[in-house]
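Please construct the entire structure, taking both the sequences and the accompanying hints into account.
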Amino acid sequence: LAKTTQPISMDSYEGQEVNITCSHNNIATNDYITWYQQFPSQGPRFIIQGYKTKVTNEVASLFIPADRKSSTLSLPRVSLSDTAVYYCLVGAYNAGNMLTFGGGTRLMVKP
Amino acid sequence: KAGVTQTPRYLIKTRGQQVTLSCSPISGHRSVSWYQQTPGQGLQFLFEYFSETQRNKGNFPGRFSGRQFSNSRSEMNVSTLELGDSALYLCASSPTGGSGNTIYFGEGSWLTVV
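Protein sequences, first through last, are from chains A and B. First residue of the first sequence: 409, per our numbering; consecutive thereafter. First residue of the second sequence: 5, per our numbering; consecutive thereafter.
If you're looking for bench data, these hints aren't it; they were derived computationally from the structure. Be aware that one or more of the hints could be misleading.
[Said to hold, decoys possible] Which residues of chain B face chain A? A few of them, derived with a C-beta cut under 10 Å, are:
id : residue
1  : S37
2  : L47
3  : F49
4  : F68
5  : L94
6  : A96
7  : T106
8  : W114
9  : V118
[To be verified] Below, computed lysine-lysine pairings styled on DSSO-like, alpha-carbon distance capped at 30 Å:
id : chain 1 : residue 1 : chain 2 : residue 2
10 : B       : K61       : A       : K477
11 : A       : K518      : A       : K462
12 : A       : K477      : A       : K462
13 : A       : K460      : A       : K477
14 : B       : K61       : A       : K411
[What the hints assert, rightly or not] If you anchor each label on the Cβ, the simulated ranges turn out as follows:
id : chain 1 : residue 1 : chain 2 : residue 2 : range
15 : A       : S417      : B       : Y14       : 40 to 50 Å
16 : B       : R34       : A       : N438      : 16 to 26 Å
17 : B       : S90       : A       : K462      : 34 to 44 Å
18 : A       : M516      : B       : G46       : 17 to 27 Å
19 : B       : R34       : A       : V467      : 19 to 29 Å
20 : B       : S74       : A       : T464      : 33 to 43 Å
21 : A       : N427      : B       : A6        : 27 to 37 Å
22 : A       : R485      : B       : S74       : 42 to 52 Å
Idealized CB from N, CA, C, for every residue including glycine.
Right under this line is the structure:
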């Protein structure tokens, strides 16, 4: 699975848009990019997944440039409840579902 | 549709004992994987089962084992518990585990070894 690099932490304020960028220089052709959110003492929650260009759902957008060597998770108008750790994962999930989690980005949303 | 269900949610065991954790995947999902999360090591892959067969295994000692039943429900077992086994154990499921599959996690089982 491709190694990912993301900022260790980020601070934001309520109502702002937050963009978290993940670097994955050795992404493979058939790799998908997936983002998870995790609150303390809970399992990771799926946010969004994409392969190329832009994907949007009810909670976030995922921007993937043409070379796919990075991706950006965009959270519109964050609230205090968005304070969590965000993980970027890259992988084709070939037989085994062996996800490799990095350290994630700790997002702190302030009032 | 119900999510991934793990039981028990919390448990305390003594060193040397063994523990069994249970996981019910999302209906229709046939791939079940297990992860260990600790403050020091983060989230680490334990093993994955598909159609009752273990397809992949992480770098954990043989004390960690698992199995999957014909209804896709899975259990993991840790024998001869050590203090370092205290962790959040997460189960995740996906339809087949193939490319593009979305993997969903349960809330986890908190194990404390004293």
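Quick rundown of the hints versus the structure:
| no. | hint | verdict |
| --- | --- | --- |
| 1 | S37 | holds (4 Å) |
| 2 | L47 | holds (4 Å) |
| 3 | F49 | holds (5 Å) |
| 4 | F68 | violated (15 Å) |
| 5 | L94 | holds (5 Å) |
| 6 | A96 | holds (7 Å) |
| 7 | T106 | holds (6 Å) |
| 8 | W114 | holds (7 Å) |
| 9 | V118 | violated (19 Å) |
| 10 | B/K61 with A/K477 | holds (28 Å) |
| 11 | A/K518 with A/K462 | holds (28 Å) |
| 12 | A/K477 with A/K462 | holds (14 Å) |
| 13 | A/K460 with A/K477 | holds (10 Å) |
| 14 | B/K61 with A/K411 | holds (19 Å) |
| 15 | A/S417 with B/Y14: 40 to 50 Å | violated (28 Å) |
| 16 | B/R34 with A/N438: 16 to 26 Å | holds (21 Å) |
| 17 | B/S90 with A/K462: 34 to 44 Å | holds (42 Å) |
| 18 | A/M516 with B/G46: 17 to 27 Å | holds (19 Å) |
| 19 | B/R34 with A/V467: 19 to 29 Å | holds (27 Å) |
| 20 | B/S74 with A/T464: 33 to 43 Å | holds (39 Å) |
| 21 | A/N427 with B/A6: 27 to 37 Å | holds (33 Å) |
| 22 | A/R485 with B/S74: 42 to 52 Å | holds (46 Å) |
Taken one by one, the earlier hints fail for this structure at numbers 4, 9 and 15, listed in ascending order.
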